[in-house]
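Asks: Sequence:
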Amino acid sequence: MILTGSQRRTLAWQAAGVLCGLVVLVGLASSLQVRATRSIVELTGGALAARQQLAAVDSVLDVLQDAETGQRGFLLTARPNYLEPYTSATSRLAPALATLREAARGSKWLRPETDALAEVAEQKINELEQTVALAQSGDAAGALAIVKTDRGKLLMDEARIRVARIGARLDDDERVQAAALHDRQSRLGLATQAATVLGVIALGLALLAVLV
1 MILTGSQRRT LAWQAAGVLC GLVVLVGLAS SLQVRATRSI VELTGGALAA RQQLAAVDSV
61 LDVLQDAETG QRGFLLTARP NYLEPYTSAT SRLAPALATL REAARGSKWL RPETDALAEV
121 AEQKINELEQ TVALAQSGDA AGALAIVKTD RGKLLMDEAR IRVARIGARL DDDERVQAAA
181 LHDRQSRLGL ATQAATVLGV IALGLALLAV LV
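Counting in my numbering, the sequence shown runs from 1 upward without gaps.
Hints are computed from structural coordinates only; laboratory data are not their basis.
Predicted model, so just to flag it, every value in this text is computed and none were measured.
In this text, a Cβ means the ideal position worked out from N, Cα and C, and glycines have one as well.
Honestly, I wouldn't trust all of these hints.
[Unchecked claim] Pairs of lysine to any residue residues, derived as SDA-like cross-links and limited to a Cα-Cα distance of at most 20 angstroms, are as follows:
1) 153 <-> 73
2) 153 <-> 129
3) 153 <-> 61
4) 153 <-> 59
5) 108 <-> 193
6) 153 <-> 69
7) 108 <-> 175
8) 148 <-> 123
9) 108 <-> 173
[To be verified] Estimated spans, in silico, between C-beta atoms of each pair:
10) 183 <-> 148: 48 to 58 angstroms
11) 201 <-> 58: 52 to 62 angstroms
12) 160 <-> 186: 35 to 45 angstroms
13) 84 <-> 172: 35 to 45 angstroms
14) 150 <-> 112: 44 to 54 angstroms
15) 183 <-> 84: 29 to 39 angstroms
When you get a sec, could you build the whole thing from the sequences and use the hints?
Replies: Structure follows, in structure tokens:
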């Protein structure tokens, strides 16, 4: 079958139209993929930040527990070597609190929680320092009197409660972000598959318009 010039021009315009549609489709698919990828990166970063925040919170509690362990050992034995965990822990408190505050930056709910935990931690360390100083000066009875007020126990209990509450909230946030990440990845996969299928169909139509 011999096509006239008019028919050829018509087919050429049809093929060009299909190819233009294909270009637009590819552009839209690329834009969708870029936005979805950016969203996935943000969600991944959020999940990583939550884990870092939780690690920072736990490190503060570790410092308090180590310091208390050293203090108890020293008060019971009066041997300076038992103070090693206490000395090491007290030197780690400031860096741990700095890391905690840095990790909490940008989080509206976490910042006040970490500030409250930091205040409790500093009060606990002060209580430990008082008892250790009294014991070192030979006033074991004075140190024991402070211990018997249960102020140190109450501060540790409050620190554990705050850490547990923060940890639970961070775990919830991480689960929500993980679910959102899975959803975005699934949507991206479906969108990519749909764009691929439509692209193949459009390309086939373009070739068909040219060849028929």
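Asks: If a hint holds in the structure, say so; if it doesn't, say that too.
Replies: Hints versus structure:
1. 153 <-> 73: 16 angstroms, holds
2. 153 <-> 129: Holds, at about 14 angstroms.
3. 153 <-> 61: 13 angstroms, holds
4. 153 <-> 59: Holds, at about 19 angstroms.
5. 108 <-> 193: 39 angstroms, violated
6. 153 <-> 69: Holds, at roughly 12 angstroms.
7. 108 <-> 175: OK: residue 108 and residue 175 at ~19 angstroms, within 20 angstroms.
8. 148 <-> 123: The hint holds at about 16 angstroms.
9. 108 <-> 173: 13 angstroms, holds
10. 183 <-> 148: 48 to 58 angstroms: This hint holds: roughly 55 angstroms between Cβ atoms.
11. 201 <-> 58: 52 to 62 angstroms: Holds: the Cβ-Cβ distance is about 54 angstroms, inside 52 to 62 angstroms.
12. 160 <-> 186: 35 to 45 angstroms: 39 angstroms, holds
13. 84 <-> 172: 35 to 45 angstroms: This hint holds: roughly 38 angstroms between Cβ atoms.
14. 150 <-> 112: 44 to 54 angstroms: At roughly 27 angstroms between Cβ atoms, residue 112 and residue 150 fall outside 44 to 54 angstroms, so the hint is violated.
15. 183 <-> 84: 29 to 39 angstroms: Because 50 angstroms falls outside the window, the suggested range is violated.
In terms of the numbered hints stated before, the structure departs from hints 5, 14 and 15, listed from lowest to highest.
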